[in-house]
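K.L.:
Following the hints, position chain B against chain A.
These protein sequence lines map, in sequence, to chains A and B. Per the numbering used here, the first sequence runs over residues 8 to 308. Per the numbering used here, the second sequence runs over residues 8 to 308.
Note that these hints are calculated values from the structure, not bench results. Worth double-checking, as some hints may not be accurate.
Interface residues of chain A toward chain B, partial, derived using beta-carbon atoms under 7 Å [to be verified]: (1) Glu22; (2) Glu44; (3) Gly45; (4) Arg51; (5) Arg52; (6) Leu68; (7) Gly70; (8) Tyr74; (9) Ile77; (10) Gly78; (11) Thr82; (12) Leu85; (13) Gly99; (14) Gln107; (15) Ala111; (16) Lys112.
A virtual CB, placed ideally from N, CA and C, is assigned to each residue, including glycine.
Here is what each chain is made of, one letter per residue.
Number of protein chains: 2
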Amino acid sequence: MKLTILGCHSATPRENKHTTSQLLETKGNLFLIDCGEGTQMQLRRSKIKFSRIQHVFISHLHGDHFYGLIGLISTFRLLGRTAPMTIYGPKGIKEIITLQLKLAKSWTNYELHFRELDATIPELLYEDENVSVSTLPLDHRVYTNGFLFNTKSLKRKINTEALGTLNLKPFHYDQLQKGLSIELENGETIENHILTLPPDPPKKYAFCSDTAFHEALIPEIKGVDLLYHEATFLEQHKDLAKKTKHSTAKEAAVIAKKAEVKQLMLGHYSNRYSDKNEFVKEASSIFENVILSEDLKSFSI
Amino acid sequence: MKLTILGCHSATPRENKHTTSQLLETKGNLFLIDCGEGTQMQLRRSKIKFSRIQHVFISHLHGDHFYGLIGLISTFRLLGRTAPMTIYGPKGIKEIITLQLKLAKSWTNYELHFRELDATIPELLYEDENVSVSTLPLDHRVYTNGFLFNTKSLKRKINTEALGTLNLKPFHYDQLQKGLSIELENGETIENHILTLPPDPPKKYAFCSDTAFHEALIPEIKGVDLLYHEATFLEQHKDLAKKTKHSTAKEAAVIAKKAEVKQLMLGHYSNRYSDKNEFVKEASSIFENVILSEDLKSFSI
Numbered sequence: 008m009k010l011t012i013l014g015c016h017s018a019t020p021r022e023n024k025h026t027t028s029q030l031l032e033t034k035g036n037l038f039l040i041d042c043g044e045g046t047q048m049q050l051r052r053s054k055i056k057f058s059r060i061q062h063v064f065i066s067h068l069h070g071d072h073f074y075g076l077i078g079l080i081s082t083f084r085l086l087g088r089t090a091p092m093t094i095y096g097p098k099g100i101k102e103i104i105t106l107q108l109k110l111a112k113s114w115t116n117y118e119l120h121f122r123e124l125d126a127t128i129p130e131l132l133y134e135d136e137n138v139s140v141s142t143l144p145l146d147h148r149v150y151t152n153g154f155l156f157n158t159k160s161l162k163r164k165i166n167t168e169a170l171g172t173l174n175l176k177p178f179h180y181d182q183l184q185k186g187l188s189i190e191l192e193n194g195e196t197i198e199n200h201i202l203t204l205p206p207d208p209p210k211k212y213a214f215c216s217d218t219a220f221h222e223a224l225i226p227e228i229k230g231v232d233l234l235y236h237e238a239t240f241l242e243q244h245k246d247l248a249k250k251t252k253h254s255t256a257k258e259a260a261v262i263a264k265k266a267e268v269k270q271l272m273l274g275h276y277s278n279r280y281s282d283k284n285e286f287v288k289e290a291s292s293i294f295e296n297v298i299l300s301e302d303l304k305s306f307s308i
Numbered sequence: 008m009k010l011t012i013l014g015c016h017s018a019t020p021r022e023n024k025h026t027t028s029q030l031l032e033t034k035g036n037l038f039l040i041d042c043g044e045g046t047q048m049q050l051r052r053s054k055i056k057f058s059r060i061q062h063v064f065i066s067h068l069h070g071d072h073f074y075g076l077i078g079l080i081s082t083f084r085l086l087g088r089t090a091p092m093t094i095y096g097p098k099g100i101k102e103i104i105t106l107q108l109k110l111a112k113s114w115t116n117y118e119l120h121f122r123e124l125d126a127t128i129p130e131l132l133y134e135d136e137n138v139s140v141s142t143l144p145l146d147h148r149v150y151t152n153g154f155l156f157n158t159k160s161l162k163r164k165i166n167t168e169a170l171g172t173l174n175l176k177p178f179h180y181d182q183l184q185k186g187l188s189i190e191l192e193n194g195e196t197i198e199n200h201i202l203t204l205p206p207d208p209p210k211k212y213a214f215c216s217d218t219a220f221h222e223a224l225i226p227e228i229k230g231v232d233l234l235y236h237e238a239t240f241l242e243q244h245k246d247l248a249k250k251t252k253h254s255t256a257k258e259a260a261v262i263a264k265k266a267e268v269k270q271l272m273l274g275h276y277s278n279r280y281s282d283k284n285e286f287v288k289e290a291s292s293i294f295e296n297v298i299l300s301e302d303l304k305s306f307s308i
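Extracted from the complex, chain A is given alone in its bound form (with noise of 0.2 Å):
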């Protein structure tokens, strides 16, 4: 998975400071996480052809998170887009798209599809060979979920070096790849670990943000790769982060060690805070290995 930060910081956007959208290629797919104001035009500083969306996620109602979808929905409809795109988010969404789009007689001319979630507890939004997606349910001031992808790995790998001059036809590989020996045209038959190596590891990839801080989300983000946990203020505003249902960098951490993740990244940082070092420094006491997102880095994972 490669996760490309469109924008990482909380509340109004700012000359050089975008609100929180993620893209996160897989296999197969370009998943939008959030979209904030200008979500658009960092998907075309971004360089990566963003017509391939086809599938975004909305955490929350509140506008650093969403008000850039109605821009690029309308864009796409201006781009001439054919391909069907499927909304995910609270209840409510479809209505505020779909007022808008009709006010301005501008029904997109591809499939604009909603999944409304209500839910309180993970539901499965979507699934494909490669990769499934689940909903977190989170802890703020209004109905909020995380998202849990996770990558399949059913698939053997050839392993081309072992493969020599072997004359092999299309099913075979889609027997090796299935972990099945094969049988060439003469008769032979050849075990399957022989020719293949086995499947990459599954890799997760768990995004939380908002959430005040919500021990019920260690048991489904277990030992995931890379946690990213918003961590909007330092422990010298606990209060207002109490107050206003959001985390500090020690929570974060916190959920990050008690969840054994493998990484632990921050964002949705206040503006108040200009050294962004410290919410490393404040989360790194905690849990180890602390990543800041910033807007427009990519990371592997």
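P.N.:
Okay, now just chain B, sitting in the frame of chain A:
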């Protein structure tokens, strides 16, 4: 009046091309005209103290003219605004904004007023002692208004050089500005014209975007100091202009000429043209005094 262009491009915002929004400063007012996505970032870049905006005029409900409005309203809330704000725009705008505030459980802590428009003849929207604002009904695919800003200049200007050593009281200044003669403490009367100069001439700015070629506009904008008229296309795409109810640069110039305006500013350029000078070239063949709008550029009227 001082006009600052925040965005002057059509349809889809790009990295360095913002959609329609303008700021008009008059004595005592800072008016926002249209509010495409990302306008709040452009307002920050302009360095103008945008919390002074109290009246927002939205021409129509196409996204490139108002998708930034909900973000601006939310940002004012987060910045602790207390001054009231009034939005003037087509019927439906109130529902769009209030639905989003309701679902986010984020009602503004300042008074937010809406004046929804549906008239097809010009109407007065705002008036104070210095300026009036009226609609200019346009011809587009959805209900659309331009806006006419008309400064007043009822007060004569004090000729400070003529005052010499006269020791005037505040009420004397008041009388002079109103065109009255004054009586000094020693009983002497001084005629008004000795101590004053004529008022500044009133100024008129007409904002006309988006519209097809629309001759009914001409009497309404007769002789304005500056006409901003959309020029989405060049003549080579006249068919597209007709189909989408937009104007070509030449058509904008014909309106400017027939209305005998002092200066014509073009904008709302389609992204298909790389050389903006083509717009000036085309319009100049009809009307002499043509300028181009440009993101973050200011103009005196």
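K.L.:
Hint validation: Gly70 (chain A) versus chain B, beta carbon distance must be below 7 Å. Holds or violated?
P.N.:
holds, 4 Å
K.L.:
Should the hint that Arg52 (chain A) touches chain B count as held when the rule is a Cβ pair under 7 Å?
P.N.:
Cβ of Arg52 (chain A) sits 6 Å from chain B, so the hint holds.
K.L.:
Double-check Leu68 (chain A) for me: the hint is only fine if its C-beta lies closer than 7 Å to a C-beta in chain B.
P.N.:
holds, 5 Å
K.L.:
Please verify that hint: Thr82 (chain A), Cβ, nearest Cβ of chain B, below 7 Å or not.
P.N.:
Holds - the Cβ of Thr82 (chain A) comes within 7 Å of chain B, reaching about 4 Å at its closest.
K.L.:
Under the criterion of a CB-CB separation shorter than 7 Å, is Ala111 (chain A) in contact with chain B as hinted?
P.N.:
This hint holds: Ala111 (chain A) lies near chain B, its Cβ roughly 5 Å from the closest one there, short of 7 Å.
K.L.:
If you take the shortest Cβ to Cβ gap from Gln107 (chain A) to chain B, is it below 7 Å?
P.N.:
Holds - the Cβ of Gln107 (chain A) comes within 7 Å of chain B, reaching about 6 Å at its closest.
K.L.:
Hint validation: Gly78 (chain A) versus chain B, beta carbon distance must be below 7 Å. Holds or violated?
P.N.:
Holds, because the Cβ-Cβ distance from Gly78 (chain A) to chain B comes to roughly 4 Å (cut-off 7 Å).
K.L.:
Is the interface hint for Lys112 (chain A) satisfied, with its Cβ closer than 7 Å to some Cβ of chain B?
P.N.:
holds, 5 Å
K.L.:
Does the interface hint hold: is Gly99 (chain A) within less than 7 Å of chain B, judged Cβ to Cβ?
P.N.:
It holds, given that the least Cβ distance between Gly99 (chain A) and chain B is near 4 Å, below 7 Å.
K.L.:
Restraint: Ile77 (chain A) near chain B, CB-CB cut 7 Å. Satisfied or not?
P.N.:
Since the shortest Cβ distance to chain B is 6 Å, the answer is holds.
K.L.:
Have a go at the Glu44 (chain A) hint: is there a Cβ in chain B nearer than 7 Å to its own Cβ?
P.N.:
holds, 4 Å
K.L.:
Please check whether Leu85 (chain A) passes as an interface residue: C-beta within 7 Å of a C-beta belonging to chain B.
P.N.:
holds, 5 Å
The structure fails none of the hints (numbered hints given earlier).
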